[in-house]
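**Q** Listed here are the chains, written in short residue letters.
There are 2 protein chains.
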Amino acid sequence: MSEKSIILLHASELLTGAGIRAKDGRHPKEEDLGRIPNGALVYSTKTVSYTDFTTGKSGKKVVGDKILWVGESEALPSEYSGSPVFDLYGRNAIMPGLIDCHTHLVFAGNRASEFAARCGGASYADIAASGGGIQTTVNATRNATEEELFRLARARVEDAHRYGIRTIEAKSGYGLSLETELKILRVVKRLQEATPELEIIPTFLGAHDFPKGADREAYLIEILDEQLPAVAREGLANVCDVFIDEGYYTVEEAERILTRAKQLGMKTKVHADELVNTESAAFAADIGALSADHLLKISPAGIAALAASETTAVLLPGTAFYLKTAHAPARALIDAGARVAISTDLNPGTSMTSNLPAVLTISALYLGLTRAELFAAVTYNAARALDVHSRKGTLEAGMDADFFVTPYATFEELYYRFAW
Amino acid sequence: MSEKSIILLHASELLTGAGIRAKDGRHPKEEDLGRIPNGALVYSTKTVSYTDFTTGKSGKKVVGDKILWVGESEALPSEYSGSPVFDLYGRNAIMPGLIDCHTHLVFAGNRASEFAARCGGASYADIAASGGGIQTTVNATRNATEEELFRLARARVEDAHRYGIRTIEAKSGYGLSLETELKILRVVKRLQEATPELEIIPTFLGAHDFPKGADREAYLIEILDEQLPAVAREGLANVCDVFIDEGYYTVEEAERILTRAKQLGMKTKVHADELVNTESAAFAADIGALSADHLLKISPAGIAALAASETTAVLLPGTAFYLKTAHAPARALIDAGARVAISTDLNPGTSMTSNLPAVLTISALYLGLTRAELFAAVTYNAARALDVHSRKGTLEAGMDADFFVTPYATFEELYYRFAW
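These protein sequence lines map, in sequence, to chains C and D. According to the numbering used here, the first sequence is numbered sequentially starting from 1. According to the numbering used here, the second sequence is numbered sequentially starting from 421.
Isolated chain C, as found in the complex (with noise of 0.2 Å):
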């Protein structure tokens, strides 16, 4: 399994987050970030398979699988002594692998044209005589083939990984029928196959809207009786996502899809509170939800809940940026203990970016985050909200070997210099 060791020595700093893990993501502060000046990481390799979907090329990669030791340069373990080293001369601060806990990642087409002409002052009107919304993309996606899905989401996913991100969660939820909600998740399936570099976390999310005319007890029977077992079936997910909101799904719905879901042995995750409060939020927390996510409209009693549970919090400022509306109330959720992850919410309509860093930029400002908040929210806490933090969002010995050797000196340079 492990074939060698690879030593990264000097960084400028070593951040672990060790303290974060420690206190599970709660209330994260400067002294939990674990910083390590002049920091030295030993982890062990592994050799994977590819292939790639489009050409059918395949072949062997060396990646990281364990993380064997951390700390002090000076203090490594005379063990490690002959091993190869990388040395970063003191100019880049290591860090876990960014993870992007939230992702509309496979969908085709784009919605360029409606954001120009919303932008510029095109009335709903207009843009719903041009065709715009979800249902563009829902059509597009629909006409797609696997290889066309497939080759967009991995250029996607190559802008992820350019940007530091290791873990990367993949919705579903532009099918909206049985047999294109199984299509996207099989190329998800097939993005992994072909970048063992990334992990890519499939989500169900047949529950995303309700098929344009369709009867919506009889869609809701067909997630329940036909798309979740079959998802179950192929393995294609073991996460299931509704959206509930106005115009969406109810609390109630939610719940029997949800239940269903949890019968089949699935996680369960919930968008709530985003474009009304429905009290979905304490609703994801009662059911216990990996995560509730958006959180504009969350209320009191929503962040009371959360803060109570064991459900992650995951906000989405690049969304509320996109809608112009005010940001989810972060200080509120960290203070009240809730535990906070933050995502890029990729998605054609609402956040057309895979730049995490850039999000984080907009949270430090708008959200009025510490560094050891913003931090945790795509490391620990991110990996928590997709139920993989046993083995991910620190660099700690036994870990999986996902690092983010970033282009700059400090984490917080990550976020200071804007969309790089």
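Keep in mind that a hint or two might mislead.
Pairwise CB distance ranges, derived in the manner of DEER restraints [claimed, not checked]:
1) C:E147 - D:S543: 34 to 42 Å
2) D:E451 - C:A308: 52 to 60 Å
3) C:K60 - D:R582: 29 to 37 Å
4) D:G757 - C:R26: 52 to 60 Å
5) D:E451 - C:R216: 43 to 51 Å
One side of the interface only, derived from the structure: several residues of chain C facing chain D at Cβ under 10 Å [said to hold, decoys possible]:
6) E114
7) A230
8) V359
9) I362
For the record, the hints were derived by calculation from the structure and aren't laboratory data. Quantities reported herein were computed from a predicted structural model and do not represent experimental measurements. Virtual Cβ for every residue (Gly too), placed ideally from N, Cα, C.
For chain C, the structure is supplied; the task is to place chain D on it using the hints.
**A** Frame of chain C, contents of chain D only:
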């Protein structure tokens, strides 16, 4: 001079901006974009020398010279039919090279730690105690060698080129002494010698602030009698800028400096109405400045003055984003008939980015500008702000061959996709 011609064929769209020039950049409308589906561009090239200041390496590069012909691919004149072809296969839009007309390109150090502290809620007293603000950058820049400044600024120029910028302004102003202001402008000259693929336009901004502890009148006299004459004598810049604001220069002081600059044959610019209203936009219009920049606090009288003048209004929405202040009244300026440009304001304190397309995203969303207004703001109108509009800013025969083959199929995708 012109060794060969190259044809670009089958761009998904070619945007000439010819109509924007025809209206001198005021009231830009959709039809002024000069969209040509399946367009072609023919241009001549020239071979120029370059010298890298840090390595001493020199050589020759082939760069674009002049645009010879623009139109539909199918209408290509027969004289060009034998020219070498670079075929984009309909994948990319071609537009005039972006022009970033207001940057503080040359400085040392960074203020990431100050930024992180400010965002995380540290008080101004805390930040001042740890040494924040413009003086931090002045100290770092004074202490840096020309080689260090060159190396740091060249990385920023390379970023700018990646974002489609083909002309970039570079202000001095982090020296605040004869010697260090000249040092910065010499670095700008060396950047130009090293990178002939971009045009770098220097601006003298000795009046960016007063040196710490300096006698106000004594420093003014130094600018008038030493800095300005030396800059003119060495030919290091032919534009002079002044930061008029509360705590910085008064309108009266700016008038003394800019009058002297004009006597020396220089053109003028003004940092106007940023922190408080000083009616400096109207002053800029009155003295015939090329541009009045910032304008966050411009008055209705200032708007009217700019609209009635030849002075371009340069807006810097990245700075308002960083400062979390209200944006400049872009809509009112354009509607009144002012010529509006948009720039990054790249600087280490209040806009640490070279990503002009990301600033366009902010502008689209938060200034409410149309596609044509945004296009004009980073092409012809920015050329106007630098007085290079006789040869830059549109794709027309006779203009400089400064174009941007965008990574996308349409112009609007440049800013719909955030922080690419």
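**Q** Next step is simple, just say for each hint if it's right about the structure.
**A** Structure-based check of each hint:
no., hint, verdict
1, C:E147 - D:S543: 34 to 42 Å, "violated (56 Å)"
2, D:E451 - C:A308: 52 to 60 Å, "holds (59 Å)"
3, C:K60 - D:R582: 29 to 37 Å, "holds (32 Å)"
4, D:G757 - C:R26: 52 to 60 Å, "holds (55 Å)"
5, D:E451 - C:R216: 43 to 51 Å, "holds (44 Å)"
6, E114, "holds (9 Å)"
7, A230, "violated (33 Å)"
8, V359, "holds (8 Å)"
9, I362, "holds (9 Å)"
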